[in-house]
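*Asks:* Chain residues, written in single-letter form:
Number of protein chains: 2
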Amino acid sequence: MKFVIQRDQLMTAVQNVMKAISSRPVVAILSGIKLEARKDGITLTGSDSDISIESYIPAEEEGIIHVDHIEEGSIVLQSKYFPDIVRKLPEQIVEIEVDESLKVTIRSGKAEFNLNGQDAAEYPQLPKLQTDDSFELPIDLLKSLIKQTVFAVSTMETRPILTGVNMRLADQTLTFSATDSHRLASRTVPVTETTNEFSNVVVPGKSLNELNKIMDDSEEKIQISVTNNQILFRTKHLQFLSRLLDGSYPETSRLIPDASKTILYVSTKDLLHTIDRASLLAKEERNNVVRLTTKNNNMVEIASNHPEIGNVTEEVSISSIEGEDLKISFSSKYMIDALKVIDYEEVKIAFTGAMRPFIIQPVEDDSILQLILPVRTY
Amino acid sequence: MKFVIQRDQLMTAVQNVMKAISSRPVVAILSGIKLEARKDGITLTGSDSDISIESYIPAEEEGIIHVDHIEEGSIVLQSKYFPDIVRKLPEQIVEIEVDESLKVTIRSGKAEFNLNGQDAAEYPQLPKLQTDDSFELPIDLLKSLIKQTVFAVSTMETRPILTGVNMRLADQTLTFSATDSHRLASRTVPVTETTNEFSNVVVPGKSLNELNKIMDDSEEKIQISVTNNQILFRTKHLQFLSRLLDGSYPETSRLIPDASKTILYVSTKDLLHTIDRASLLAKEERNNVVRLTTKNNNMVEIASNHPEIGNVTEEVSISSIEGEDLKISFSSKYMIDALKVIDYEEVKIAFTGAMRPFIIQPVEDDSILQLILPVRTY
Chain A
1 MKFVIQRDQL
11 MTAVQNVMKA
21 ISSRPVVAIL
31 SGIKLEARKD
41 GITLTGSDSD
51 ISIESYIPAE
61 EEGIIHVDHI
71 EEGSIVLQSK
81 YFPDIVRKLP
91 EQIVEIEVDE
101 SLKVTIRSGK
111 AEFNLNGQDA
121 AEYPQLPKLQ
131 TDDSFELPID
141 LLKSLIKQTV
151 FAVSTMETRP
161 ILTGVNMRLA
171 DQTLTFSATD
181 SHRLASRTVP
191 VTETTNEFSN
201 VVVPGKSLNE
211 LNKIMDDSEE
221 KIQISVTNNQ
231 ILFRTKHLQF
241 LSRLLDGSYP
251 ETSRLIPDAS
261 KTILYVSTKD
271 LLHTIDRASL
281 LAKEERNNVV
291 RLTTKNNNMV
301 EIASNHPEIG
311 NVTEEVSISS
321 IEGEDLKISF
331 SSKYMIDALK
341 VIDYEEVKIA
351 FTGAMRPFII
361 QPVEDDSILQ
371 LILPVRTY
Chain B
1 MKFVIQRDQL
11 MTAVQNVMKA
21 ISSRPVVAIL
31 SGIKLEARKD
41 GITLTGSDSD
51 ISIESYIPAE
61 EEGIIHVDHI
71 EEGSIVLQSK
81 YFPDIVRKLP
91 EQIVEIEVDE
101 SLKVTIRSGK
111 AEFNLNGQDA
121 AEYPQLPKLQ
131 TDDSFELPID
141 LLKSLIKQTV
151 FAVSTMETRP
161 ILTGVNMRLA
171 DQTLTFSATD
181 SHRLASRTVP
191 VTETTNEFSN
201 VVVPGKSLNE
211 LNKIMDDSEE
221 KIQISVTNNQ
231 ILFRTKHLQF
241 LSRLLDGSYP
251 ETSRLIPDAS
261 KTILYVSTKD
271 LLHTIDRASL
281 LAKEERNNVV
291 RLTTKNNNMV
301 EIASNHPEIG
311 NVTEEVSISS
321 IEGEDLKISF
331 SSKYMIDALK
341 VIDYEEVKIA
351 FTGAMRPFII
361 QPVEDDSILQ
371 LILPVRTY
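Residue numbers (my numbering), protein chains in the order written: chain A, 1 to 378; chain B, 1 to 378.
In this list, chains with the same sequence are indistinguishable; a pair is considered to hold if it fits within one copy or across any two.
Taking lysine-lysine and the PhoX-like style, the derived pairs with C-alpha atoms no more than 20 Å apart in a straight line are: (1) Lys80 <-> Lys333; (2) Lys110 <-> Lys269; (3) Lys2 <-> Lys110; (4) Lys340 <-> Lys88; (5) Lys348 <-> Lys261; (6) Lys333 <-> Lys88; (7) Lys2 <-> Lys103; (8) Lys110 <-> Lys295; (9) Lys269 <-> Lys88.
I should point out that these hints are in silico values taken from the structure, not numbers from a laboratory.
Model the full assembly from the supplied sequences, consistent with the hints where possible.
*Replies:* In structure tokens form, the structure reads like this:
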């Protein structure tokens, strides 16, 4: 195997596939990066068996040569050393050559590294996706869907299915929802040009977080294909394959109240900052509780009390209020998480009494829905 | 106690004194920040008993009012909560008020925090420095002296005196030196307008690192006063007091060879990057050894070998070489540390054979001296 490549392109591909590599792999060889050279280009692969990422660098694209002097072959290189070596090479032009005894030589400028490679034949075959059904989304929209839901997955292994995000596609509408049973985050988007339908697809939260990290914001399309136990995200040069979680995802729609007794309209940022301040006095307590009380003159009071440290109160102006007065307590962390992912100036919060879940939505966009269960404090 | 202050100024003072506060203080009250209001201004104090920092905000300076509505008094506030509260206050104007029962009220905009303070009378009295002897340095020069030496202090508690930087002042020359017995870093500067002399002042490396962090690069002067067991650094609004280390600092000058057999002249950056690359294959080994070999045509070869991972060799061009050919092995970490703090384009490296310490100095400035003991590899 042999090829000559630009350092920066190789580095980007290495960084992408590294996202899949675990520091404690289930099989030793999965701590390595697989490099495969074919006449048409170079493919790098990283995998922890839950997630597999392939990054492809075409030999030539739009008349520009990216990879040259290719002799076909493949090798596995230790991910502990290879990325740092590539990053610190002295010149842009890098030559990688593998001999019959799996010795790898990396040359750039006057530097020469000789590394012991591993046989690519020992690297597990990645599962091939057995489906032609797929649909497309702009990458930036997919990133929004992930960011607006994935934070709400459960971190507890007691109900493993809740550590994933539920994807549903029906009537050309795609829904992402996540819940840890104390709160729910959901987002829908229309998907045209597909007849694909599914309802019980549950993608591990960790997979979506890694996918979000390696995708740059862009209006380019990403292709999504789903089978019984796997999901594949594919862009021009990147393939991201994740296993799905086993089990039935709970029906979450019944959690959402369809009536409300009090509705507040308030600036997202003002409310976020006020609750952030109210949460300062109880750092250790994971879900530090704050109390919201409606006041006269279009004000609500946010307050928090810590018996030893002290207390904090702050009034925040609201745009308007409809319905009954209200006093309710909830986790400041859940409220902060929900408000942070709403990229709109104003939110509407609909309450159905102090003991019932309440809903936060942008005033101008009901495709985003955040639901939080209150905390009983008296 | 009461005063009204600008949030940003209070924040800077809080951040400065926080540098002295330990998460595991020897006395519980030292986990707090002391605030003292006097008619002329506000003083904040943080201390871990080794280091004490006072930050002063004058009520008025050059006609600008910084602190207003002052009622004198003092209080101690928990450093775990107070800094975050100040940082996140909604408005620039902050009012702090303490009542008779040590309840502290912090108001800004519509936010109000009520905290339980501690009695400032219980806060230890900081030692007062009993000396009028002092000298001055520009702050940026003091920062250079620290950066060029402090990395070489020992991290081992077996010889505690070596965990500090030795300061000497004689014949109007100030010298900082540090050694961990495998390498030595030293820097001298002329100090005029003082008749002060001392030789066995040893400042804990940790103190100098913290001092370096809170001082912004500036040509303003810092005043330095030394007694038997303490050193005080003082700028217009900041006092930094550190204890000194007990014991006799070893005589280091006899380590420095006065003759040499081989002298290399080489670009600081080229050598630094080459050695950095050569060190990549032995990440875990703390002092990863590299080998330097002089070659023909004004080249030296830098090489490193790791039996399992592989090896690396690179040639680096040198400007010139004087004297004998040489093959020598040394810690890449020590060499990288030394080269990083030399802010000159070219260095001169003077060797006295493969088993003797060698010296690195900027070609144009012999006030900086870095010495490294080689490693015996055969």
